[in-house]
Every structure is written in C-alpha cells, then in structure tokens.
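A.B. asks: Which chain is which? The protein sequence lines are A and B, in order. Numbering of the first sequence is given in my numbering, commencing with residue 899 and proceeding in unit increments. Numbering of the second sequence is given in my numbering, commencing with residue 10 and proceeding in unit increments.
These are computed hints drawn from the structure, not numbers from a lab. There are no misleading hints in this set.
Only pairs whose alpha carbons sit at most 30 Å apart, straight line, appear in this in silico DSSO-like list of lysine-lysine:
no., chain 1, residue 1, chain 2, residue 2
1, A, Lys949, B, Lys70
2, B, Lys150, B, Lys70
3, A, Lys1017, B, Lys161
4, B, Lys160, B, Lys25
5, B, Lys70, A, Lys945
6, B, Lys161, A, Lys949
7, B, Lys161, A, Lys945
Owing to the predicted nature of the structure, the values given are computational and were not obtained by experimental measurement.
The residues making up each chain are set out below.
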Amino acid sequence: MSDIPENLKYAATHEWVNVQDNQSVQVGISDFAQQELGDLVYIELPKIGRKLSAGEQCAVVESVKTASDLYCPLSGVVVAVNQAVVDEPALVNEAVYASWLFTVQADNLAELESLMDAKAYQQHIDE
Amino acid sequence: MIAQQPIHIKNLGIQKNLGIQDYRDTLQAMQEYTQTRDAQSPDQLWIVEHPPVYSLGLAIKREHLLNTRDIPVVQSDRGGQVTYHGPGQLVVYTLLDIQRLQLNVRQLVSILENAMLQTLAQYGIRATAKPDAPGVYVADKKIGSIGLRVKKGCCYHGLSLNNAMDLSPFNGINTCGFSDLEVTQLANLGVHIQTHELAIPIIHAITETLS
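The shape of chain A in the complex, shown without the other chains (with noise of 0.2 Å):
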C-alpha cells in the first residue's frame, strides 16, 4: 500500500507538490514511485534559477543501478534545492513527503487543476 496525503497534489508521472506562500511550490516524489524504485543512491537536481515548463525533465533519481527521469509538474522557476538529499539520497526512502527536492516559484497556480488530488492519483496508480 502507498501512503498519499489528502492535502497534496500528484502528476502522473508520480511526482507530489504542496503549495506554500507566494506561490510557492515545493516538489517531491511519491511513496507510489519511492517503492517501485527503490533505495535511491543518486540525486541531481535542477540549478537555481532555471526556467521550467510544466511536464519538463529536469531531474534525476538513481536506484539498482538505473537512472530515473523525474519531469516537474508546474511551470516556474526554481528557486530552492534541497541539498540534504542530494547529500543523503536515503532520506527520499525514509521520509518521502518530508523529502522535498525542490522548490519552484509557479507562473500560474492554475495549472494545479490539472494534477491529480489523492483520490484520482491513487486510482492513477491502480490501474
């Protein structure tokens, strides 16, 4: 069973996002896409300041020798990383939801309609 809290929002491509103040919006993966990669040993993110359409690549996650691509789920611009888990790439497989990778300042909050709510992304996630 994956663990999806009502109050976040979910891509299809199994990211989560939770919108802070100022439009702010931080970006992580669900417990979903943390069980089916596994431990994780490698983390790259995207650099400060960079420019991001929604659906774009922009990261990296590396698990049994495999590299994952990660796609950001809003357009806007990055304006945080947590290096803490590029330093400890465990903590994504130990605290998913704690875990954010980044932060993105978002062009336009209602691009969130088009994400999944808990409901829609754990039927998502069953078929």
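Given chain A, put chain B in place with the hints provided.
C.D. replies: Below, chain B without anything else, positioned relative to chain A:
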C-alpha cells in the same frame, strides 16, 4: 549503424544483432530511438560488442578512474559507476517500454540478472546476484553488469556479460565504484564459446520472461 535484417520475436518486437559498434554511436542511436518512440513502437533488444572503451554512469566519481591509459572514456547517461567494454564482452541493450510491460525498475533489473544467471547455469557456472550491488557474480568476482536509463517510462542501456576478452583494462578503474572488486569471464571458467552465440540463451531468457 550496420543493422542486419531485424528478427521479430513473438510480442517482443525486434532483436538486432549489430556486431561490433562504436560506443558513442550506439548510445546516440539508443537515445534517438527512446526520444522518438510512441505507444506503438516495438520493444527492441540490440546485441553488440564494443571496441575498447570505458563508459561512465551519470553519478560517476572521477576517483574511480585510476589509469585509463589510451582507452577512450565516454560519459554516458545510465545508472551505475564506471565499467569497461571490449571485444569478447556480450552487450545486450534493452529498449523497452517498461510502463507498457508493467514493470518497475527493480523487476527489470531482476529479469536481466536472472537471464544471465540462467545462461551461466546452462554452461555449468554457478553465479549469484547480490541485492545490495546489482549484477552477477561468480565466487564474488563480477561477470555480468547492469546499467539502465529510464525516460518517460521507457528504458535503454542494458547488460554486459564478460565472455572471452582482455580483462586487464578493468585494472585501470574501480569497477562499478568498488576498489577491491575482481572480474571474471566465461573463458576463465572453462567455457569457450563465441560471444554472439552467448547472446542466444540470454535473449531467449529475456523474451521468455517478457512475453
């Protein structure tokens, strides 16, 4: 790419025996195939050998390159650290839509490990996989390696299995990031076969599992 006539296998799409191919060219061809594939594109297995080359994983630590001499070093985009490829090593690239196959990366790695284990068993070699260090080992010496990349639910790169090659270039690196990891090959274990023949049971094992 000097592709021979593709062979269709059951539901699994296409297998191509490409012979000896430049590492960079093959990497580019895999990236292109993966970038441009759609939901209908067939899964493919590419069988190759490479001229001598060190390939680096995405997260490579340069300290694992010890003495690469005049052998080219190519930065790749796969998982894993550094490894060596050369003639006499079988390389099977797996270009699969793993989302369509409903596999996660851990299952995919197990399938590739099991294909190598089954093949080695057929030749009377008892090998093992290690949960904490993916790959295939004979008495703690590495014989088979795995490295993969996943983009939009599709994978490329694949596996390499040491058959009858010059193993000395492995001394120039910390293979897979381990300073004390020794390597071996079928020829050192008393099994003498052509590298392209070794591909047959490997491909059979992979296709059996996937189809």
